[in-house]
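S.K.: Going line by line, the protein sequences match chains X and D.
With my numbering, the residue at position 344 of the first sequence is 344, and numbering never jumps.
With my numbering, the residue at position 63 of the second sequence is 63, and numbering never jumps.
Read the hints as simulated data drawn from the structure, not as lab findings.
Keep in mind that this is a model prediction, so the values were computed, not measured.
There's no promise every hint is true.
[To be verified] Some chain X residues well away from chain D (every beta-carbon gap over 10 Å; in silico):
(1) W216
(2) A253
(3) E291
(4) E298
(5) S337
(6) R565
[Said to hold, decoys possible] A partial selection of chain D residues facing chain X, derived with a Cβ cut-off under 8 Å:
(7) P5
(8) G14
(9) A18
(10) A20
(11) S22
(12) E56
(13) L60
(14) L63
Virtual Cβ for every residue (Gly too), placed ideally from N, Cα, C.
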Amino acid sequence: MATTPTEVSVARGLLDREDLLQLLDRAVTKRVTVISAPPGSGKTSLLRAWADRPTHLRCVAFVSVDRDQQNAQRFWCAVLDAIRSPAGSIDPETQPAATAALDDDQVVDRVLSGLAEQVQPAVLVIDDLHELRSADALAQLAHVLASLPSSARVVLSSRRDPPIRLHQLRLADEVTEIRAADLRFTERETRELLVESAITLSDAGAAALHQRTEGWAAGLRLAVISLSGHPDPERFVAEFSGGDRAVGEYLLAEMLEHQPSEVQRMLLRTSLVDRMNGELADLLAGRSGSEQMLLELEEANAFVVSLDPQRTWFRYHQLLADFLRLELRRTLADEVSDLHRRAARWFADHGDVVEAVRHTLAAGDWPDAARLVAEHSFRWVLDGQSGTIDAVLQAFPEGASADHPDLALAHAASELNHGRLEEAAAQLALAESHVPSAPPARRRRLTVAIASLRLALARRSGQFSEVIEQVNLLEASIADESSEPLAMGSELRAVALLNLGIVETWSRRFDDAERHLSEGAALAQAIGRPYLEVACRAHQVFPTTLVSLATARARGRQAVALAERYGLGDRPILAPALGAVAFWAIWMGAFDEGESALRRAWEVAEPQIDPAAAVLLHMVTGQLHAARGRHQAALEAFAAGAQAQSLLTGVHALATPVVGWLAATQARLRMPDEARETLIGFPAEPGRMGLSFIYNARAVICMVEGDPAGALDVLRDVPDVTPPTGPAFTLVETHLLAGLAHLHLGDRVAAAAAAEAALVAAEPDRLIFPFAMTQAAELLDALPRHETAHGALLADIVDVLRGESAPSTERERGSQREELSPSELRVLRYLPTNLTRPEIARELFVSINTVNTHIRNIYSKLGARDRSSAVQHARELRLVSTARS
Amino acid sequence: MATPPGLYAIRIRGRLGATALSAFPSMVSELKGGETVLTGLLEDRSALFGVVAQIEALGLELLELRQIRPRSTSRQSGDDRPSQGV
Chain X
1 MATTPTEVSV ARGLLDREDL LQLLDRAVTK RVTVISAPPG SGKTSLLRAW
51 ADRPTHLRCV AFVSVDRDQQ NAQRFWCAVL DAIRSPAGSI DPETQPAATA
101 ALDDDQVVDR VLSGLAEQVQ PAVLVIDDLH ELRSADALAQ LAHVLASLPS
151 SARVVLSSRR DPPIRLHQLR LADEVTEIRA ADLRFTERET RELLVESAIT
201 LSDAGAAALH QRTEGWAAGL RLAVISLSGH PDPERFVAEF SGGDRAVGEY
251 LLAEMLEHQP SEVQRMLLRT SLVDRMNGEL ADLLAGRSGS EQMLLELEEA
301 NAFVVSLDPQ RTWFRYHQLL ADFLRLELRR TLADEVSDLH RRAARWFADH
351 GDVVEAVRHT LAAGDWPDAA RLVAEHSFRW VLDGQSGTID AVLQAFPEGA
401 SADHPDLALA HAASELNHGR LEEAAAQLAL AESHVPSAPP ARRRRLTVAI
451 ASLRLALARR SGQFSEVIEQ VNLLEASIAD ESSEPLAMGS ELRAVALLNL
501 GIVETWSRRF DDAERHLSEG AALAQAIGRP YLEVACRAHQ VFPTTLVSLA
551 TARARGRQAV ALAERYGLGD RPILAPALGA VAFWAIWMGA FDEGESALRR
601 AWEVAEPQID PAAAVLLHMV TGQLHAARGR HQAALEAFAA GAQAQSLLTG
651 VHALATPVVG WLAATQARLR MPDEARETLI GFPAEPGRMG LSFIYNARAV
701 ICMVEGDPAG ALDVLRDVPD VTPPTGPAFT LVETHLLAGL AHLHLGDRVA
751 AAAAAEAALV AAEPDRLIFP FAMTQAAELL DALPRHETAH GALLADIVDV
801 LRGESAPSTE RERGSQREEL SPSELRVLRY LPTNLTRPEI ARELFVSINT
851 VNTHIRNIYS KLGARDRSSA VQHARELRLV STARS
Chain D
1 MATPPGLYAI RIRGRLGATA LSAFPSMVSE LKGGETVLTG LLEDRSALFG
51 VVAQIEALGL ELLELRQIRP RSTSRQSGDD RPSQGV
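Here chain D stands alone, though its shape is the one from the complex:
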C-alpha cells in the first residue's frame, strides 16, 4: 500500500541520549521536560513502523504518535496530495 510521505511527531517518555537518538537518524529530536519528541518526514508506512520497532527494541516508552497535517488553509497550490491520518 502506498502511503504518501508524511510528517510525524513521536513523543517518548524520558530524555534520550546520543546513543538512543542515533537509532532515529531521519528524525529531529527535541527534549521537552521529561520527554523526547522526534519529528521527521517518514517515507511511507514501512518507515513509520521501522521507527516504532526501534522504539520497542530499545525498551523505550511510546507516549504519542501523530501525523502533522499541513494547515487546511494551505495556499500551496502545487501540493495536491490530501493529507492522511495514520
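Bound conformation, chain X alone:
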C-alpha cells in the first residue's frame, strides 16, 4: 500500500502539518473517520501526507473517487484495486478492470475480505467521496462500514457530510469527525509556511494574510505562489487584505495573471479534460512544451498534481480546474466546442472511448457520440467489458435511446449482460423500429448488429430454432458482398459460431457444437479476441463421436488454463469448463478433484444470468453428494437443477439425467411416491440415451419397494442405446442395478455376470461414478476376483468406494459429528443467526478468512451447498438447537 513515500510525488513546499497528522493518527483509533470540509481546505494534501508516512502500524489503500462517478461497479473496482495493489497510485491509462457485474453481497464481501486479508491493520481512504453519485454504491459503502473487520479502518473525505447514516457507529463511539475548523492553518502554521517557502514577510503582514484567508489552506497556498518572487510581498498582502474581493477568486486570478502568457494559454485550454499528459496538453494548447510547464507548475505547488510515479499524467486541483473552465468559457467561448472535439478525437485514438463520448457530447455533437457508441459497443460485448458499456450509456441523457437506434442497441447489450432478457428484447425492438428509416448503408449494419444481439438473446433463453434463424440471417448479412464490406465481419462470424455452438451443446448436438466451437475459437484467436476464444473453448468440454471423454476432460482443463493466461479466470463464461472438469473427474472417481473444480465453478458462475450452465453445476453438485452417499444433499442439488432447467424455454441436454437421478435419489431416501411423481411430471423426450436414465430410475423405485423382479423387468426394457463409440454413461448403471436385483433374488451367478458386464462397459472411460452412486460394493463382492477380466479397474473402484462414501445413512450421520472440529462447531453455532460472515468473525475475534475457511469445511462435511442447507443438516444431526435462538 502507499507506505512508500516516493510513489506519489507530493508537491514540494507543502507544510508538514505535524499537529494534523497526529490528529489523524488519533482519529483512526476509531473505526470510521469522516473529514468533511469545503474545497481547498487541504483534505487531500493531509491524507496523502499521512498515507505516505512510513509506518509499520498500518497499510493504507487510497482511492480517489473519479469526478461525477455514477457507476457503482467502476467505483468498487477502484476500491478493490487499491486494496489489492500495493502501489499508492493509479495508472490513468489503464481502465479499471472490467469485471462481470457483481451483486451487492459480492462487492461487500470482496472488499471486507480484502481488508481482512491484510497483514497489518488496513486503512481504506476514500477521497472526494462527494463525487460518488451512485445511490447503490453509497448503500453498499454503508454496509461495508457496518461490517468492517475489527482491525480495519475507513477514512471518508468529502466536501460535505456524506449521505451515509453513521448513527449506529456514533452510538458505539466509533466515529471521528474532522471539520473545516480543524483543518484551518493556525497563525503559527501560516508563519511556518511562509518560512518554508522562503518568503520574507513582517509579523504584521503574516498576521494580515492569516486573517484575510482565515487559515483556508488553498488561499494560503495561492498567496504563497503569488508571493514567491514578488518584488514587494508586503504590498501584495496589503492590497489583498485591504480589498474585499472573494478570497479564492482573487488569488486564483492573481496566480493566473502572474503566469507567462503561454502557461496561461495552456492552463485555460487544457482545463476541460479531467486528466492529461504532455501530448494531449500540447494538442489542446496548440503548441509544444506543455509537459515541462506542467512539471514546473507541480514543483511550484501550483495546484497541479501528477498522477503516476513517472509524472507523465496530470490533473488540476478541482478548485483551479473549475476556475479555469469558467475563465475559458468567459474569454474564449467560441473555442470551447472545438477543444472538446480535439479532446474527443485524441481519447478515441487512444482507446478511451468513454472520455471520447463525454467530450463529443460536451461539444454538442449528439449523432457523433451515438455513432462512437455504435462502433465500439459491439467490441465491448466481444471483450466482455460490460462495465464500459454501462459507463458510456450513463453519459447520455435518459431516454436518449428512443431517438437513436445505436444507443438502443448498446442498452440492449447492457441489459443482456445483466441477464434482464425482457428489457433487452424491448431495446432491440426499439432499435428495429428505426431500421426502415435508416439510410441504406447504415441499415445493413444495424440489421447485422440487431441479428447478433437477437442471437445472443435467443441463446440465453435456450431457444434453439430462434438461434438457427438468427444465425442464418446473420450469415446472409455478412455474406452480402453487394454493399460495403463489414469491418467486423470476422467478429460477427465468431460470435455467431459461439452462440450457435453453445445452444447446440446444451441441446446435446455435440458433434455440431464441436464443429462450430472449434471454428469459432480458431477465428477468435486469429482476430485476437481472447474473451471470445475462451468462451468457445469453455463449452468444448463434452465428448462427441470424434472426441473421447479423456480428451473432453483435458480440454476443460486447457480452457481454464487459457482463461487464466488471458486474465479471464474469474469470468462467468468459464463456469461450463470448470463444471465439466468437475463432472468428468467425478465420473472417473476423482471426487476430491471434482469437488475443488466445482467450488471454483460456483464462485464464477452467475446462475440467474446463465441458467444453462447452472443446470450442469447443480447436477454435478448432486453427483458429488450422491457419490459420497449423502442422499439428502444430492436430492436438493438435483431438484435445484430441475428448477434451473425449467427457466429455459428449450429442453436442456442434461434435463433427463437430472430428472432421472432426482427420482432415483428420492427413491433411495424412501420416497418412492415422490419419485414416481417426478418421472410422470417429466415430458417424454425423444433422445434415446436420455430415456435410459428414466428406466434406471424406475428400476431403483422397484428395488426400494421390495420388488427386484419388477426392477429386472424394467431394466430388460432399456433399449440398447450405447453408441458404437463414446462412453456408456447409462449402461454401466443399468448393469449394476440389474446385478443388485439379481443379488436380492439370490441369483449370485446372474449378479456376477451383471457386475462383469458393468465393468466391461465402464472400462474404456473408467466410469467409476455409477458404482458409487448405486452403492455397488456388495455386488462387487459377489464377483470372484479371479473371474473378472478387469481386475485393475475393479481394485480402483473398491478403493474409491471404501475411501469415499459410507453408504448407510446411519454411518453418514454418525461419522460426521467427530469430523467437525471445535472451532468449526463454534462457527456453526452462528449460522442459524442473521449475522454476516464479518460479524461472525468479529464475535469470535478471528479474521474473516478464518471464518470463511471454517464455513467451507462445515459445508463440505455436512454436504451442504449454502448456509440454509448447512443449518438444516446441522439441525438434523442435532449439532445446533432446532429452536430459533
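Using the hints, position chain D against chain X.
M.R.: Positioned in the frame of chain X, the structure of chain D alone reads:
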C-alpha cells in the same frame, strides 16, 4: 418534484469578479460592501441546487439564500400560484 420557478436572492461573502460571476449567467449581481448579492429567477429546485453547487465548487462562502416572495397584497389576479418557501 415540481417546484414552480421562484425569484431568489443569494448573498455571498466577498466581491465577485468577472470570472466567478460568469458561473451564474442567469443571475443579476450586485456588489454591496464586502458582499455580493445574486438575484434571479430559478426554474426549479435543480436550478437552485446547481447554483449552490457552483458556489461550493468555487470555494465561495454562502451567507444567505432566500426566496423573494411576491407581496402578499399582490393584485396580479393572473398569478394564481401560491409562493413557496424553500
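S.K.: Run every hint past the structure and note whether it holds.
M.R.: Checked hints:
A beta-carbon of chain D comes within 10 Å of the beta-carbon of X/W216; the shortest separation is about 8 Å. Residue placement check: X/A253 does not keep its beta carbon more than 10 Å from all beta carbons of chain D (closest about 6 Å). For X/E291, the shortest C-beta to C-beta distance to chain D comes to about 26 Å, beyond the 10 Å cut-off, and the non-interface label holds. For X/E298, the requirement that its beta carbon stay farther than 10 Å from each beta carbon of chain D is met, with the minimum near 21 Å.
At roughly 17 Å, the least C-beta separation between X/S337 and chain D is larger than 10 Å, which holds for a residue marked as non-interface. Listed as a non-interface residue, X/R565 keeps its Cβ farther than 10 Å from every Cβ of chain D; the least gap is roughly 46 Å. The criterion of a C-beta within 8 Å of any C-beta in chain X is not met by D/P5, whose closest approach is roughly 21 Å, and the hint is violated. For D/G14, the interface hint holds, since its Cβ comes within 8 Å of a Cβ in chain X; the closest pair sits about 3 Å apart.
The beta carbon of D/A18 is positioned within 8 Å of a beta carbon in chain X (closest approach about 7 Å), and the interface hint is therefore held. Among the interface hints, the one on D/A20 holds; its C-beta lies about 4 Å from the nearest C-beta in chain X, closer than the 8 Å criterion. Below 8 Å, beta-carbon pairs count as interface contacts, and D/S22 has one with chain X at about 4 Å; its hint therefore holds. Because the closest C-beta pair between D/E56 and chain X is about 6 Å apart, less than 8 Å, the hint holds.
Among the interface hints, the one on D/L60 holds; its C-beta lies about 6 Å from the nearest C-beta in chain X, closer than the 8 Å criterion. Given hint, D/L63 at the interface with chain X, is violated; its Cβ is 11 Å from that chain's nearest Cβ, farther than 8 Å.
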